[in-house]
Structures are given as C-alpha cells and as structure tokens.
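Participant: Assemble chain B onto chain A, guided by the hints.
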Amino acid sequence: MKSFAALLMRDVRLAVRVGGGALMGAMFFLIVVVMTPFAVGPNLRLLGLIGPAILWLGGELATLLALDRLFATDHEDGSLDLIRTGEIPLELAVAAKAVAHWLTTCLPLVVISPLLGLMLNVEARALGWVALTLLAGTPALTFIGLVGAALAVALRRGGLLLAILVLPLTIPVLIFGVAAANAAIAGPAPFGPPFTILCALSLASVVLGPVAAAAALRYAME
Amino acid sequence: MAVIDFANPTRFLKLANRLLPWLAVATVLTFAYGLNGALHAPDDYQQGATVKIMFLHVPSAWLGMFGWMLMSVAALGTLVWRHPLADVAGKAAAPIGAAFTLLCLVTGSLWGRPMWGTYWVWDARLTSVLVLFLLYLGVLALYWTAEEPGRGARAAAILTLVGAVNIPIIKFSVDWWNTLHQPASVFRMGGSSIDPSILHPLFAMAIAFTLLFVTLHLAAMRNEILRRRVRAMRLIQAQGLASA
Chain A
1 MKSFAALLMR
11 DVRLAVRVGG
21 GALMGAMFFL
31 IVVVMTPFAV
41 GPNLRLLGLI
51 GPAILWLGGE
61 LATLLALDRL
71 FATDHEDGSL
81 DLIRTGEIPL
91 ELAVAAKAVA
101 HWLTTCLPLV
111 VISPLLGLML
121 NVEARALGWV
131 ALTLLAGTPA
141 LTFIGLVGAA
151 LAVALRRGGL
161 LLAILVLPLT
171 IPVLIFGVAA
181 ANAAIAGPAP
191 FGPPFTILCA
201 LSLASVVLGP
211 VAAAAALRYA
221 ME
Chain B
223 MAVIDFANPT
233 RFLKLANRLL
243 PWLAVATVLT
253 FAYGLNGALH
263 APDDYQQGAT
273 VKIMFLHVPS
283 AWLGMFGWML
293 MSVAALGTLV
303 WRHPLADVAG
313 KAAAPIGAAF
323 TLLCLVTGSL
333 WGRPMWGTYW
343 VWDARLTSVL
353 VLFLLYLGVL
363 ALYWTAEEPG
373 RGARAAAILT
383 LVGAVNIPII
393 KFSVDWWNTL
403 HQPASVFRMG
413 GSSIDPSILH
423 PLFAMAIAFT
433 LLFVTLHLAA
443 MRNEILRRRV
453 RAMRLIQAQG
463 LASA
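If you read the sequences in order, they're chains A and B. Using the working numbering, the first residue of the first sequence is number 1, and each one after it goes up by one. Using the working numbering, the first residue of the second sequence is number 223, and each one after it goes up by one.
Excised from the complex, chain A in its bound form:
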C-alpha cells in the first residue's frame, strides 16, 4: 500500500510540475467547447440541446490527449522497467498510474464542466448532474484507455494508434453518459438507470483494465 501511494504521489507530482501538462486536458476541453458555437452557430436553444453531448465528447477527447504519455515517458527513461521489477504487483502499479492520470486530467475536467455547461446554455439546475455524470464516467475512460496505452507503449507511432484502439471501446460510456446527462436536463426518462449503468461500467473497467494493461506491458517488454 505504501508503494502504491508513493507511485501515485510521484505521478501526480510529475504531472503538476513544469513540463507535466496536468492542466493541458482542461485547456483542450475549454478550446473544444469554445470552438463548438463557431461550428454550429450561436443559437442558444440548439447549443442547450447538444450541450451535454459536446461536454462529453470534449471530455473524452481531452482524456485521450494525456493517455499516450501515461507509459511512454516512463518507457523512454527506463523507469517503467524499475516499476515492473519492483515489489509491487504490476497490476497495482498500473492502477496507481491510472488513478494519478484521473486525478490530474479528468478531475479538472469535471470541475470546470459546470462553467463550460453554462456557456453552452445547459440549464443551470442540471449543471451539477451533468458534472456528476462526468465524475462517474471518466474513470471508465481512463481505465479503458490504460489498456490502449499499455498496448501502444512499445510501438512506434503508438500515440496515433491509441485513439484508434481506445475510442470504439468507449462507445458504451459515451452512450450512457450522455443519456444520463440528457435525462437530468430534459427528462422524461429517469436519471437513475443510465447513471447506475455508467457507474457499473466504471467499476468494471477499474477492475479489469489494470489486469489487461499489466498483461500487455509484460508482453511488450519481454
């Protein structure tokens, strides 16, 4: 447990210090949202309708942005080998890295999403619910992306491959995330069922993602 916390703290520290790019995801998210009205027009009613979808798509792409650095930098400077030969099981180590990624990339997204929702004319009383769907759904994105990052780490042009591998697998998360957000805004469908399925997807990927990612890393590095 101590080494888990140490690894987690190390990754968080690396991310928030110079050159880490912790807030890059949030900035990218902001830019995607700002670009949307230029693409679809400043019609507030239309923006209110597609607002949750834009927030979710932007959040998903911003999560992806930081994923290819998850193992790539450690692989380049050799610390991934140290982690792999360390006393802590590789599954737990990759889970620690994923949690660090979520804390530094996804949590800022969740925090600024009500503000961006306001800019997209999402109803004020639903802003908190939309942020809640992002809070519940982004762990699934991180932990599914973890597998893709582990698969791509040893390959050249891995970063480009990552998006192709990971995005189709995240379709269910997107569907239920947007469904829950829309239910919170407009109804009449209840918020509960899609939201609980979203939570289930997140929990399942938190359990299965590290196992698959650790297997992928072992094969990539032998």
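Since the hints were made in silico from the structure, they are not lab data. Be careful, since some hints might not be right.
[To be verified] Cross-link-like lysine to any residue pairs, in silico, SDA-like; alpha carbons within 25 Å at most: (1) B:393 to A:192; (2) B:393 to A:207; (3) B:393 to A:57; (4) B:393 to A:61; (5) B:393 to A:191; (6) B:393 to A:200; (7) B:393 to B:328.
[Stated by the list, open to error] To be clear about the criterion: a stretch of chain B counts as covered by chain A if any three or more of its residues have a C-beta under 8 Å from a C-beta of chain A, and this derived list gives those stretches: (8) 344-358; (9) 380-391.
[What the hints assert, rightly or not] From chain B, some residues computed to sit far from chain A (all C-beta separations above 10 Å): (10) 258; (11) 317; (12) 321; (13) 458; (14) 463.
Quick reminder that beta carbons are idealized off the backbone N, C-alpha and C, glycines included.
Facilitator: Relative to chain A, chain B alone:
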C-alpha cells in the same frame, strides 16, 4: 491426435496443402447449390426481389461475428498455451473477418435504400456492426504497426480479448440507444419466422460462406507461415552478409 501436434508448422503446412483443394471444391459446390436455390426462391410479398440480398447479407453478418470468435479462441491459444500457430490463426482471421463485416455493411446499406429509403440509419444493429468493423480495423492497425511478428501478435491477442468482453456491452448499449432493424428472425423462441422456401437456401448459403471462410483462412495461415519463413531466411542471410 491433439491440437498440439499441429504446432509443428511443417506438419500443418502438409495438412493444409492436402485439405485446401478439397475445401475449395466443397465451397464451389455449396455455393452453386446455395446460389441456385437463392435465385429460385420466391420473392417476398412486400420486399419483392430485393429480399435476395439477404442471401449475401445474413451469412456475411454471421461470419463477421464468427471471425471475432475465432480470433478470441486464437488469442487464448496465444496467451495461455503460447501455441505457435495460434497467433498465425488470429492474424490470418482478422482481414477476412473485417472483409465479411464490410460486406455485411455494404449489402445491408444497398438493401436499406429500397426498403427504408436510405442507405444508412443510425440504428442499433447497424451501428454495432459498424463498431465491430472499427474494432477489426484497430486490430489490423496494431498488426501493421508492430515491427516484430511475435510481439504484435501478443498485443493483438490482448486487444482481441478486450474487444470480446466489450462487444456484448457495446451491443447492449447501442440497443438501449436506438432500434429500427428487425429483431433476430432466423433463430428465436417458437421457431423461425422465415418461410422454409427461403430459409433452406439461406442455410445453404450460410454453409457455403462458412466453407469459404475456412478455405480462405487456411490459405491465409499457410501464406503467413511461408511469409515468416521468408522473413527468417532473409534475416539469416543479412546476418551472414554482415559477418562476412
């Protein structure tokens, strides 16, 4: 004779070479029978002659899914038993499965134009087959990026298994999302809802398509083994040149 006996590529090649002509002949014969039956099947009372697209559409959909199942079994063989032919089998199945899935999408879209009035709708079944096609493309991209065949095979095997876990979830979520395509009508509780005059040639076509898949797969495996031998020989040759 156990599966492990065919781990020897030379023995496998011998067997494949012996089987392939027979399989090819069987494929051609079943296709002749199935196509003949399909052409003589009665037109549908609503859809007219366009129902004949079904004889290509439904078997390719089955084989698109069969391809991923085969790859998942091969992936288990690669990861669990390290069977040397399993990664060859998985790699050979990927482009064939992708081709059948694309065939299913194309024929379905050509069928949808006269029946639904549009080439494409974002319906649950169509969308989940499209996602299956995207997953195939991801596996193919992984194979293309890997420089060393063995390493690419293990990465692709993990991705295949992750996909196998995900495909039912994607199917379920997309069903939740939107539904227009008719539900399954060939296999269902209380018997098939399709008339025997159409069902019979459909099964013949399904067998013909499966035989085609097996033939192509076996040939592709043979080619892949030969390709790897050529690669190994080239490496040895290059090594000899370098040390000389």
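Participant: State for each hint whether it applies.
Facilitator: Verification of the hints:
Between residue 393 of chain B and residue 192 of chain A the CA atoms are separated by roughly 21 Å; this keeps the pair inside 25 Å, and the hint holds. Between residue 393 of chain B and residue 207 of chain A the alpha-carbon distance is near 21 Å, which keeps this suggested pair within the 25 Å criterion. A hinted pair counts as satisfied when its Cα atoms are at most 25 Å apart, and residue 393 of chain B with residue 57 of chain A qualifies at roughly 20 Å. Distance hint between residue 393 of chain B and residue 61 of chain A is fulfilled; the C-alpha atoms sit about 22 Å from each other, no more than 25 Å.
Simply put, residue 393 of chain B and residue 191 of chain A have alpha-carbon atoms about 21 Å apart, close enough for the 25 Å limit, and the pair holds. Proposed proximity of residue 393 of chain B and residue 200 of chain A is supported: the alpha carbons are some 16 Å apart, at most 25 Å. With a C-alpha separation of about 20 Å, the suggested pairing of residue 393 of chain B with residue 328 of chain B holds against the 25 Å cut-off. For the region 344-358 of chain B, the assignment as covered by chain A holds, since 3 residues bring a beta-carbon within under 8 Å of that chain's beta-carbons and 3 suffice.
Given as covered by chain A, the region 380-391 of chain B passes the check, having 8 residues with a CB less than 8 Å from a CB of that chain where 3 are the minimum. At the 10 Å boundary, the C-beta of residue 258 of chain B stays outside the reach of chain A, the nearest C-beta of that chain being 39 Å off. Under the 10 Å C-beta cut-off, the non-interface status given to residue 317 of chain B relative to chain A holds; the minimum distance is some 16 Å. Distance to chain A confirms residue 321 of chain B as a non-interface residue, since its nearest Cβ pair spans about 18 Å, more than 10 Å.
Even its closest Cβ contact with chain A, about 23 Å, leaves residue 458 of chain B beyond 10 Å, as expected for a residue assigned away from the interface. Residue 463 of chain B, annotated as away from the interface, keeps every beta carbon of chain A farther than 10 Å; the closest lies near 25 Å.
Taken one by one, the earlier hints all hold for this structure without exception.
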